[in-house]
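Undergrad: Each residue of the sequence shown is one higher than the one before, starting from 2 at the first, in this note's numbering.
These are computed hints drawn from the structure, not numbers from a lab.
Heads up, the beta-carbon is just placed ideally off N, CA and C, and yes, glycines get one too.
One thing to keep in mind: the hints can contain errors.
Under the rule of at most 35 angstroms between Cα atoms (straight-line distance), these lysine-lysine pairs were calculated in the DSBU-like manner [what the hints assert, rightly or not]: (1) 332 to 34; (2) 332 to 210; (3) 210 to 180; (4) 225 to 180; (5) 16 to 210; (6) 332 to 90; (7) 180 to 84; (8) 210 to 84; (9) 84 to 225; (10) 225 to 210; (11) 16 to 180; (12) 221 to 332; (13) 180 to 221; (14) 34 to 84; (15) 16 to 90; (16) 16 to 221; (17) 332 to 84; (18) 180 to 332; (19) 221 to 210; (20) 34 to 210; (21) 90 to 34.
Have a look at the derived ranges for each label pair, beta carbon to beta carbon [claimed, not checked]: (22) 122 to 65: 29 to 35 angstroms; (23) 111 to 84: 16 to 22 angstroms; (24) 338 to 114: 15 to 21 angstroms; (25) 194 to 214: 33 to 39 angstroms; (26) 114 to 154: 38 to 44 angstroms; (27) 95 to 17: 53 to 59 angstroms; (28) 88 to 118: 29 to 35 angstroms; (29) 338 to 237: 35 to 41 angstroms.
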Amino acid sequence: MPTKRDIVMMTLQGKHVPYVPWSLSFTVEAADKLVAYYGAAELDAVLDNHFLDMGSVTGQFDDLGGCLYRDCFGVVWDRTVDKDIGVVKGCVLEWPPLEGCAFPDPRDPRSFNVMNERIARHGDLFKRFCIGFSLFERAWTLRGMENLLVDFVENPDFVEELLARIADYNIAQVCEALKYNIDCVYFGDDWGQQSGLIMGARLWRRFIKPQLARMYGAVKDAGKLVSIHSCGDVDELFDDLIEIGVDMFNPFQPEVMDVHSLLARYRGRLAFHGGLSTQRTLPYGSPGDVRAETQRLIEAGGAGGYVFSPAHAVEGDVPIENMTAMIDTLKSQPGYQAAIHR
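The task is simple: from the sequences and hints, build the whole structure.
TA: So, in structure tokens, the structure goes:
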């Protein structure tokens, strides 16, 4: 009988699968709703996700008190409103030179010290090591968004140096993670907005793509898979991303992409993870709407190349009935039911 990992691997190879696998994530507020609804101490047993994510999508934080948290790069985040990550407060790199800017230890044990134990407990899952804020996002959190976008034009040498230093840090993390029994490395890095790339395709290809190729290459050279996340309308980059080694793209936002045509166009070359609207269907649709859209995505993804997920972590304003409609529809797939009852 295939394991959950087997199902995901078949999916990433573009093969027909017995059922569409899934990996669901929730913000703090949404997760609290589900814990209360199911009366569960933790959600893993309820959700039956197919991914085991290790490392950290957001990085390591120290609690400064008063809803302020400092990440390992020295950036302070205010979580007064956004309880999950927060909003950047201040600017670490006020001026372009990098002299005196100390990067943290990429082998910080906090990112790795529970990996062996978690892998031993969840060996049947698809195992990913996660690196968040992996390039552009790390750069703008250090420098400030507006400052960095100006730097692309006025201080290009500084931008190249900064991005190369960040990529070096990530590659060192990858090399450490590859010592463990993982299947994939996930890189989170938002390049898009609802109407296209933040910096435009020309600047993305000049500054960002070469460093991505280095980072992704370190994973591919080890025979592992590359999974990436970028919010927004970035489908113009898909062929570039395939060229530099990406195997799976998330979040696959239906507000800005034709998810069904892209699934058919790229099946066998690029897999997708996401697709259920967190801007419309989940918060504002009925449970019936959620079930119907979940089912449509399942049917489209049955030929392979698709892992179901909402287009982003489910927010706390989503009704509990809509969350459970999504979960129940996934678990009611005949192939999944057959697998768990064998």
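Undergrad: Look at each hint and say if it fits the structure.
TA: Okay, the hints, checked on the actual structure:
no. : hint                           : result
1   : 332 to 34                      : holds (19 angstroms)
2   : 332 to 210                     : violated (38 angstroms)
3   : 210 to 180                     : holds (26 angstroms)
4   : 225 to 180                     : holds (12 angstroms)
5   : 16 to 210                      : holds (29 angstroms)
6   : 332 to 90                      : violated (41 angstroms)
7   : 180 to 84                      : holds (33 angstroms)
8   : 210 to 84                      : holds (31 angstroms)
9   : 84 to 225                      : holds (33 angstroms)
10  : 225 to 210                     : holds (20 angstroms)
11  : 16 to 180                      : holds (29 angstroms)
12  : 221 to 332                     : holds (33 angstroms)
13  : 180 to 221                     : holds (14 angstroms)
14  : 34 to 84                       : holds (15 angstroms)
15  : 16 to 90                       : violated (46 angstroms)
16  : 16 to 221                      : holds (21 angstroms)
17  : 332 to 84                      : holds (29 angstroms)
18  : 180 to 332                     : holds (34 angstroms)
19  : 221 to 210                     : holds (16 angstroms)
20  : 34 to 210                      : violated (40 angstroms)
21  : 90 to 34                       : holds (29 angstroms)
22  : 122 to 65: 29 to 35 angstroms  : holds (33 angstroms)
23  : 111 to 84: 16 to 22 angstroms  : holds (21 angstroms)
24  : 338 to 114: 15 to 21 angstroms : violated (37 angstroms)
25  : 194 to 214: 33 to 39 angstroms : violated (23 angstroms)
26  : 114 to 154: 38 to 44 angstroms : holds (42 angstroms)
27  : 95 to 17: 53 to 59 angstroms   : holds (54 angstroms)
28  : 88 to 118: 29 to 35 angstroms  : holds (34 angstroms)
29  : 338 to 237: 35 to 41 angstroms : holds (39 angstroms)
The structure fails hints 2, 6, 15, 20, 24, 25 (numbered hints given earlier, in ascending order).
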